[in-house]
Amino acid sequence: MSFPDPIAVFRTEAAELLEQIEAGLLDLNVNLGDKDQIDAVFRGLHTLKGSGAMFGFEALAAFTHHCETAFDRVRKGEVPATQALVTAVLEAKDHMRALVETPAGDHEATSEALLANLRAAVDGAKSPGVHQAAAPAQTLFKIRFSLPQNAMANGTNPLPLLDELRELGECTIVADRSAIPSLDLLSPTDLHISWNVELLTSQPRSAIEDVFIFVMDDMRLEITVVEAVTAAAKSPEKPATPIQAAEPVAAEPAPVTVSAPRVPAPMTAAPAPTDAKANKASENVRVPAEKLDELMDRVGELVIAQSRLSQLAGGSGDLQLRAVSEDVERLSGELRDTMMVLRMVPVTQLFGRFRRLVHDLSHETGKMIELVTEGESTEVDKSVIERLADPLVHLVRNSCDHGLETPDERRAAGKPQAGRIMLSARQQAGEVIITIKDDGRGINRERVRAKAEASGLIQPNANLTDQELYQLIFQPGFSTAQQVTNLSGRGVGMDVVKRTIDALRGTINVISHPGEGSEISLAIPLTLAIIDGLLVRVGAGRYVIPLSAVEECLELSIEEDMRSRGRSFISLRDSLVPFLRLRDLFRTGTKPDPFQKVVVISTGSERVGLVVDQIIGDHQTVIKAMSKLHHDVATFSGATILGDGDVALILDVGHLVAEGQQQEAHLRAAG
Amino acid sequence: MSLADFKEDCFQLPPNLTVRAIGTVRQEMLQLIDKHKSTTIAITGDCQVDISFVQLMEAARIYAGSAGKNIALAEPANGPLLDVLKRSGFLEGMSADDAKFWLHQGGIQ
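Chains as they are written, first to last, in our numbering: chain A, 1 to 671; chain B, 1001 to 1109.
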C-alpha cells in the first residue's frame, strides 16, 4: 500500500484553499461590507500561510503573510475593504498559486511588484477617521498554551505563532521548560515546552484564538482576562500584573480550554470556531482522480467480460450457469451505476472559475458585467467537466468582448448599464445542456454572411437558415470582429469550442436576436465512459445506439418500405418523421431483412427514424475512443467491444438527427 | 560530519540544528557527554536552529547535571541561536544559571 506524497496532498489542498479565497474575494467585491467574507478570506490566507510553512513552502508563507496582514487590518476595522484591495489580493492569489506550483522558481520580482500594489491598495484605503479615532480600551490577557507533542514532527513551528501574538499588542512570553526530560529520555522531535504569555491588547479574545486557528484542534489553550484597561489608564510599559496574581474576572467567561483527539486536521480553510460543519469533514475521503479513472477502466473491462459471459450462458442449456450469469449482470450493472455516480461532479466547480474571469474582463473592457449562474448542482462526469472549461472560457470571453455593449451604448439602447451573462446547466435525456446567454447586441447576421461569402465559406446569396449561418462562426479563422483585442477577435476561440464539443460528441446550438442578445447551448453527453445502448444489426455489422436517445421502435413492413421509397418518411401519430436507411448509409450491399425495424431517436424536439435489420437488445456499452485515423468520421462517436470480442460502432445520434432533418428540409423544398 | 571528528572537549556541531536533524545530534551528544567529564559545544555562526535544538540543549544540561558532568557553550549564544532564544521566550525570566549557560553572563557554567 502506498501513501500519498504529502507535498502533492498539500498542493491539492492549497489549490482548494485558493479557490475558496478567490470565491470569498469575489463575493466581497459585490458587498464590501460583508464581514463574513472578510473573515473567510482572512482565515483562508491564514491557513494557507500556516500550512505552506509547515510543508516547507517558505516563499509562499512569507508572501501570503502580507496579504493576511492586510486582511487582518480590514477585519479589525483599521482599513476598509475596497475594490482596489480586493483586486490586489486577487492578483496576489494568482501569484500564490505559482508559488505553490513552482516554489523554486524566480518569483522575487513579481512578489515585490504585487506587494507594492497591495501596499498601495491598503494605503489608498486608509480613512483618516480611522487613525484619528480614539484608541480602544485594552485588555490584559493571560494565555497558557501547549502544542501537541508531535507538533514539531508534523512541521508546526511554534515561533511564528509567538511572533503573531507579539503583533497583537504588548507581549511578555515566557517559555515553560519544566516538562523537558533528561537527554537520555528525550524524544528530540517531540515538543515538551509550553508557554505562558501576558498580552495587553485592544484585540478581542477571538484574535488570540485566530493565532492558533491552524493547530486549534490538537492543542491546549487557556485564555484568561486579567484586567480590562481603559485607553486613558493604559500604561505604556509592559503589563505589570504578574501571571501568578491573575484571576479571571466575572464579566468574562471561564478560561477557554481547547483540546481534541489527536486526529490530523484537514487543511480546509480554518472554520470559525463555532462552525459545526467542521465535524463533517471526517465523513469524506479524498481520492485522486486517476484512481477513479483506473477503477472506471476496471469496471469497463468487467462489463465486457460480463457481456461475454451472458452470451455464453445464453447459448448453453445450463440453467445454473444462466442464473449465475444473470446475477453477475445485475451486480456489474449496479457497480457501473455506483461508479458513474462517483465520477459525477456538480458544474458549480466549473462555473465558479468564471466569476473571476468575468471580474477581470469587466476591468479590462471597462464594461459593467453581471454574471448569473443557474443549475449549478447539475452533475456531469468529471472528464466532461474538465474538457468543457476551455470552450466555456472562449464563449464567455466572446460574450464580454463582442456581445455586451459599453455602458454608454447600453444606456442609449434603453438597457441597464450592467450587461448580464447567464451560465446555466440542466440535464436532458442523457445529455447536459450548458447555456451561455447574454443580453448584448446579438450576432450581426449580415456581417456573418458577408464575411462567410468573402472567405468563400458560402456561395453569394446561398439560402441558409439562421442556425446554419450562425454555425459558420465556429469555422477556423472566422471572425467578424473589426479589431483584434487581447480578448478575442482572431477567430481562433470559436474554432476551439467547435473542436472540443465535437470531440465530446456534443452539439452546439446558437440563437441570437438583434439588440437582445445571444444564446449558445452546448449539448454534451453526461458521460464519456459507459452508456446503456441498444444493440442493432445492419447487414452483417452490429451497431450501438445510445439508449437515452431512443424514443421507440417500430416495425417497417416490406409494403411500407416500398411505399416510402424516394420519400423516406414514416407517419407517426399524425406527424411525419424522416428516416434514414442505415443499410444504404453504410453501403452494406446486403438485402434488407423481411421485417426491418425503425428505431426512432431524438435530440430535444427533433426526431429521426433509423432503419435497421434487427434489434438485438440492450447492451451496457463501454465506450472506446475511435482511432485518430477515424476522428473525422462523423456518423460514429466511438466503438465498443461486444461479448464475443467483435467490435461494434456507436452511432452519433446528434449527427444522424441533423442528417435526417437536412433530408427532410431538402424533400420539403423539392415539394 | 561526526561530532567525534572534532578536538577533544570542544565539539563543533553540524550546521543543521533543526528538527530534521535533531535525532542525530541527540545521539552524538549523548555519546559525548557519556565519554567526557566536561563538554564544550561550538556552534557555527550560519547554522540553522529551531526550538528543537534549544530543547535538546536544555535536556543535555539536565542529563549532564545529573551525571555530575559539565556542559557549556563555546561562545555566548548569538546569531540564529540568540534569535530563537528571544523569539521562543527563553530570555524572559531567565535564572542566573540559565543566563550563565546561554549568554555567559557571570562566567561560564
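Some hints could be false.
Computed list of lysine to any residue pairs in SDA-like fashion (alpha-carbon distance at most 20 Å, straight line) [claimed, not checked]:
hint : chain 1 : residue 1 : chain 2 : residue 2
1    : B       : Lys1069   : A       : Leu185
2    : B       : Lys1086   : A       : Lys624
3    : B       : Lys1086   : A       : Asp532
4    : A       : Lys624    : A       : Asp532
On the chain A side, residues computed to face chain B include the following (Cβ under 8 Å) [claimed, not checked]:
hint : residue
5    : Pro148
6    : Met152
7    : Asn157
8    : Pro158
9    : Leu161
10   : Leu162
11   : Glu167
12   : Gly169
13   : Ile180
14   : Asp184
15   : His192
16   : Val287
17   : Ala289
18   : Met368
Some but not every residue of chain A turned toward chain B, in silico, with C-beta under 10 Å [claimed, not checked]:
hint : residue
19   : Pro181
20   : Asp190
21   : Leu191
22   : Leu309
23   : Leu312
24   : Phe636
25   : Gly638
No wet-lab data here; the hints were simulated from the structure. Here a beta-carbon is modelled for each residue, glycine too, at the ideal position from N, C-alpha and C.
With 8 Å as the cut and Cβ atoms as the points, is Pro158/A at the interface with chain B?
6 Å, holds
For the restraint on Val287/A, tell me whether the closest CB of chain B is nearer than 8 Å.
Since chain B brings no Cβ nearer than about 30 Å to Val287/A, farther than 8 Å, the hint is violated.
Hint validation: Asn157/A versus chain B, beta carbon distance must be below 8 Å. Holds or violated?
It holds, given that the least Cβ distance between Asn157/A and chain B is near 6 Å, below 8 Å.
Holds or violated: is the Cβ of His192/A closer than 8 Å to a Cβ in chain B?
6 Å, holds
Holds or violated: is the Cβ of Leu191/A closer than 10 Å to a Cβ in chain B?
7 Å, holds
Should the hint that Leu161/A touches chain B count as held when the rule is a Cβ pair under 8 Å?
10 Å, violated
Hint validation: Gly638/A versus chain B, beta carbon distance must be below 10 Å. Holds or violated?
Violated - the Cβ of Gly638/A stays beyond 10 Å from chain B, reaching only about 52 Å at its closest.
Lys1086/B paired with Asp532/A [C-alpha distance capped at 20 Å]
Given that 20 Å is the threshold and the Cα spacing comes to 69 Å, the pair is violated.
For the hint on Pro181/A, just tell me whether its beta-carbon gets within less than 10 Å of chain B.
It holds, given that the least Cβ distance between Pro181/A and chain B is near 6 Å, below 10 Å.
Closer than 10 Å between Cβ atoms is the bar; does Leu312/A clear it against chain B? Give me holds or violated.
60 Å, violated
Is the shortest C-beta separation between Met152/A and chain B less than 8 Å?
5 Å, holds
Does Met368/A pass the interface hint, meaning its C-beta sits closer than 8 Å to a C-beta of chain B?
49 Å, violated
In this structure, the hints that do not hold are numbers 2, 3, 5, 9, 11, 12, 16, 17, 18, 22, 23, 24 and 25, in rising order.
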